[in-house]
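Asks: Given the structure of chain F, go ahead and fit chain G onto it with the hints provided.
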Amino acid sequence: MAFVTANWNPLGDVFYRKFNLYSDWKMKEDLSNCLIAAAPYAGPIALMINGSHKERSPSLRPIMEIYSSSGNRIVSLPWKSGQVVHIGWTTNEDLLCIQDDGTVLIHDIFGTFKRHFSMGNEVLQNRVVDAKVFPTAYGSGVVILTGAFRFTLATNIDDLKLRRFPEVPGLLRPPTCWAVLMQDRQPKIVLANGKDVYVLDNASCTSVIPPGLGPQVCGFTQIAVSFNYKKLALFTDTGNIWMGSSSFKDKLCVVETNFKTAPKQFVWCDRPKSDNPTVVGIWDKVLVIMGKTKETIKFYQDEDVHLVPEVDGVRIISSSNHEFLHEVPPACQDIFKIASMAPGALLLEAHKEYEKESQKADEYLREIKEQNLLFEAVQQCIEAAGNEYEPEMQKSLLRAASFGKCFISNFPPDTFVKMARDLRVLNAMRDYIIGIPLTYPQYKQLTIEILIDRLILHRLYPLAIRICKYMKISELQGASRILAHWACYKVQQKDEPDDSIARAINHKLGDTPGISYSEIAAKAYECGRIELAIKLLEYEPRSGEQVPLLLKMKRSQLALLKAIESGDSDLVYTVVTYLKNEMNRGDFFMTLQNQPVALSLYRQFCKHQEPETLKDLFNQDDNHQELGNFYVRSSYSNETTIEGRVAALQSAVDEYNKAKNEFAAKITEEQIKLLRYQFRLQKESGKTYLDLSLHDTVQALLLDSKHKQAEQLYKDFKIPDKRFWWLKISALAEKQDWEELEKFSKSKKSPIGYMPFVEICVKHRNRYEAKKYVAKVSPEQKVKGYIMVGDLEQAVETATERKNENELNIILSKCTAATDQSIVEKINRAKAQILKK
Amino acid sequence: MAGRLDAPELPDFDILKRLARDQLIYLLEQLPGKKDLFIEADLMSPLDRIANVSILKQHDVEKLYKLENKMVQGVSDQLCFLVRPRIASVKHVAEIVNADKASARLRKYKIIFTPQKFFMCETVLEEEGIFGDVTFDEWAFYLLPLDDDIISMELPEFFRDYFLMTYELWKEMVEDSENEIKPRQAEIGRVFFLDRDVDYVTPMCSQVVYEGLVDDVFRIKCGSVDFGSEVTSSNKSVKVLLNSQDKVFKEIRNEHFSNVFGFLSQKARRLQTQYDKRQGMDIKQMKDFVSQELKNLKQEHRLLSLHIGACESIMKKKTKQDFQELLKSEHALLEGFEIRESTSCVEEHINRQISPLESLRLMCLLSLTENGLISKDYRSLKTQYLQSYGYDHILTFANLKQIGLLTEQQPGETLTAVESTMGKLVTDKAVGKLTDAFSSLARKSHFRALSKRLNLIPRTEEEYDLKVPRDMAYVFSGAYIPLSCKIIEQVLERDSWTGMEEVSRLLNNNEFITIERSMDAGYSCNVQRVILVVFLGGCTFSEIAALRFLGKEKGFKFVFVTTAITNSFRMLESLLES
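Chains F and G supply the protein sequences, listed in that same order. If you're matching positions, the first sequence starts at 1 in the working numbering and goes up one per residue. If you're matching positions, the second sequence starts at 1001 in the working numbering and goes up one per residue.
I should point out that these hints are in silico values taken from the structure, not numbers from a laboratory. Honestly, I wouldn't trust all of these hints.
[As the list claims (entries may be wrong)] Derived lysine-lysine pairs resembling PhoX-like cross-links, with alpha carbons at most 25 Å apart:
#	chain 1	residue 1	chain 2	residue 2
1	G	Lys1250	G	Lys1057
2	G	Lys1070	F	Lys607
3	F	Lys784	G	Lys1318
Predicted, not measured: the structure shown is a model, and the values here were computed from it.
Just chain F, with the same shape it has in the complex (with noise of 0.2 Å):
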């Protein structure tokens, strides 16, 4: 395979290789007209035709045109704005056009316009001369150049906050060349004004003078900084090439051209972990690659071309070609390199001999083992597939990898599983139709979930879908967030009816977890398909979810209804409270009146916060009882004075009568009766009655021997007797009035008995009194009563005339052994008399 190297230059110790990317790669524009943009990592090409400054006709109209890197146009459409000088890409493919006057618009790779921002009205004046998009920490930068030669930085465009750099000293004619740093997360900027360097950043504008560098040197005519920021190069009058760090504290190298001018276009080709400080220029149609060595590489060109700095090469456009200029792997140079005793292409040799069925492929194989090199040998085989581009080249690599594994035991598969894997989702990418020739390293920068990303933003779903799956992406990062992804754009297609798509879109998504309708529908809704929305929403199987964008569109009533259904008291409520500020209130009241849940979640707010609501609420629901409840309430917490209590009261009795409940009438008119009644009362003597109840007052007026007021009261509301006769005993014995207490027994025939004249004589310790009763006391009760005046005999005597076996072994268990001995043998016999019979 000699041929390999065919393509290789040598510079220095290391080869460079240039290869085409797409082989039928054409662009109808003559590249020297636009101005043209690549979006990095194999990314898309934008052109604006007769963008370009100078050698505009004024006649025609600009036209942007966006091709796929692999020079497929997806989009060609004449430019209406203004005055564009710059365009770029950001990180995630968005085109930005920067114009004259500072208005910086935004199209997605398919052209469509997405938004614009503006860099500040101080632009306004003095337009703008140049401008750059970078990628940052935060996303991506825009840096602009006025007319007054100030810098204005954006870090951000999705979160813009504009900064104006400081002034550089002595600047009266635009920097001979500048270029924007990332250092520390925080952009700068390196110009050059004659052979002056500056750095300035957000608050300071610092002098440089680059290390290692001759005094003959009268002035910087170009500058390149690396794609990761970390070296710079600088181009000097005198034709040589300063490279160093771009913190300008080291030195790498300083090269000497034949070169007078300056290059068109000045870009570093370096890729990770390189210590080959390399960079291609252009000059005229010559393209010249320049590292350490004294010697250089140059391509003649026939066209106009732009280079597009990589991560790991450069990519070089023109109207015909489209190709990636880097330097060969260290794997591939170990392997291809002519003569090469490398084990990877001992190993390679091998293969190939065994495919021949050639016993050289033994000779091959031992030669390596015996320098115990197998395990390196297949790792760089391995390796060396990643990095080449020609499928049929990494296929014979791997199968080399193959073939050596077989001799090594125990050699971890996953290497060469993953780069099997990754390599297959890079030809796939690399197809024309896709067109994103990415190579192994930037994929490896670029991470998998991004060029999901990527995919989807290209409106690639069912190959994201595809490589999801291949790669056992989760579905949750992975189908699932794809589905709804391409859900979204199609909610925006205007053609197709709102019913075929929520259609379609049901049939693909199904449940599959992860899909949030309502997102959709969101989607839909932002496109105006109000329709549509809902029809998604109806999919969505979280009520809870459908709410809000239902408000959003308006939809209050059935956001309520979804609300309710969710079961999520908390959104219930916050519908409600949009409707109670969206409609007027009678219309509000109605539509709570059919929703009970959230009318009487609406009715725990009022209670706390607007008693008078509630009550309008009980009124148009003719709801009476409440009503009433509503004034009882309302008379023992807001009214403190006695006519504001009866006047409340009067109101719950009407309430209560329109609903026919005359209980409650009948029993808060005895209310406002008792009320008056305490007041006068009250009044009267001076004492506190009010708010006592019933029973408490009559005997409040018991125990004060008002037994008149006392009889009025009982007569007045017809307390029962029962009640009363309680009352009046515990009241006068409470008073230790005894005699009162006899006369009163005696005043006519007890409705509660005499057991309870008992109980309260011995309660208040009187057992004096308590005996006098126990005669009266029921037969049943009896024995009980004389066991509580500790009349034992007595009750002996009684329960043995009841013949009651039961109540005379309560005695017995209330005797002591010590003093009532007579007592259990009287029981004992009387049990005996008992069991007799």
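Replies: Quick look at chain G alone, frame taken from chain F:
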């Protein structure tokens, strides 16, 4: 009551506590520097179980205040409020903030809502004009493990809010927390959800197992109880944690009260012999004894004397004639005998103003067991009650009626209900006869039917030995098996609801939904026997004791999740309106 040996292990719920604590600390640290912490009254006890004062102090809490009507200004320049998402609480906070504004004092305010923030809280803050002055956070503290097998959400108001106001704000929270509970590699085999309104009868009964009695008499709060001077026989009151860590309590908590005293005296004797071991020890043995055993003995001694004190105090209060009679009439109500006598007993109870809540409880029990009071009784009892305790209770009665605890019988309602069901069950011909038969029985409440269907009332012929309980009825002296527990037992026995259709119909159209989860192959049968019972609206210690008993008998382990521990008093208190 030794349990079966093959009873499965319980999952460890202590992690819930640790999680809650870590999160709270994180939230407190979000407000760096010294701060005063205002805590809503009913969060004090739960908070104490999660993070005590010294932990709070470690995280720069300068002073602790109870958030109440009284205006407290606090001393720090930062105020932190820990509240439930209630309108009233938010208004308190607003008052404090607005007072500061009036006196031109600048401070930082942060409200931590637990377990979550509701939209209406923001609305209230907005209306009070302080929305921009405060910051919020949520402390997702849903579940507090009170014991190895009891987890409480500490939401006592759930009962009122949900069942009375049909105000469902908490509902979603309850559902949320259920998801949290199911650990990924399922440790719980089955879950029961019980709405409190399925069974109001049980919580309305006087509790007679020790833990329940302690709750009824002393009010257990968040797993701990304050024993007053009458228990400690000193003038100090003592706060005691009541859980399975307390060895004495562990053995008596589920016992019928009549056994507890005997057990305690036995225990006392055993303790004494252990103390007596000292005699005849040589010095080394004595040293070991003092260093190892004595501490435990002392601890046990202390607990023992506390529980004995508690028992005495309970006895004093409860073993009076009144209580016995009360229990008797309760049992009569449950069995449905001597309704008239019971009614007049209740009436007397009211007339004598013995206890407002007790009277209400009896009225409710009467109504529940009889499927509503007959109109005459309904009116007269209510009138009596209002006369005794004040007219404002008319609102209380409105609440009780709405929630279904105390209702009026609709004339003829029960009869037709029975008729119509009979119609479904038997052929037309038989209906006539049956209707005749039923009209003689006249009234037949749902509770009665349920009780008959599920054998809730054990036959009374034989004496019920409370020392060796034979079924769950022991928690009510052998007179009644708690309905809620019986339903669970029946379902577990059948392993489904089939055959229970009649029961579910009798439970007033409560729908029973079974969600069968496909059992993974690796599902051990031990997991199958760990059962989560969720009570929405509270459960009582009697129910817990009954199910623990069932678990021991059948080799199940029950884990209880409840919105709060409840009893008749708490339930009724929450419905009082005054």
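Asks: Now tell me if each hint is right for this structure.
Replies: Here is how each hint holds up against the structure:
no.: 1; hint: G:Lys1250 with G:Lys1057; verdict: 33 Å, violated
no.: 2; hint: G:Lys1070 with F:Lys607; verdict: 22 Å, holds
no.: 3; hint: F:Lys784 with G:Lys1318; verdict: 19 Å, holds
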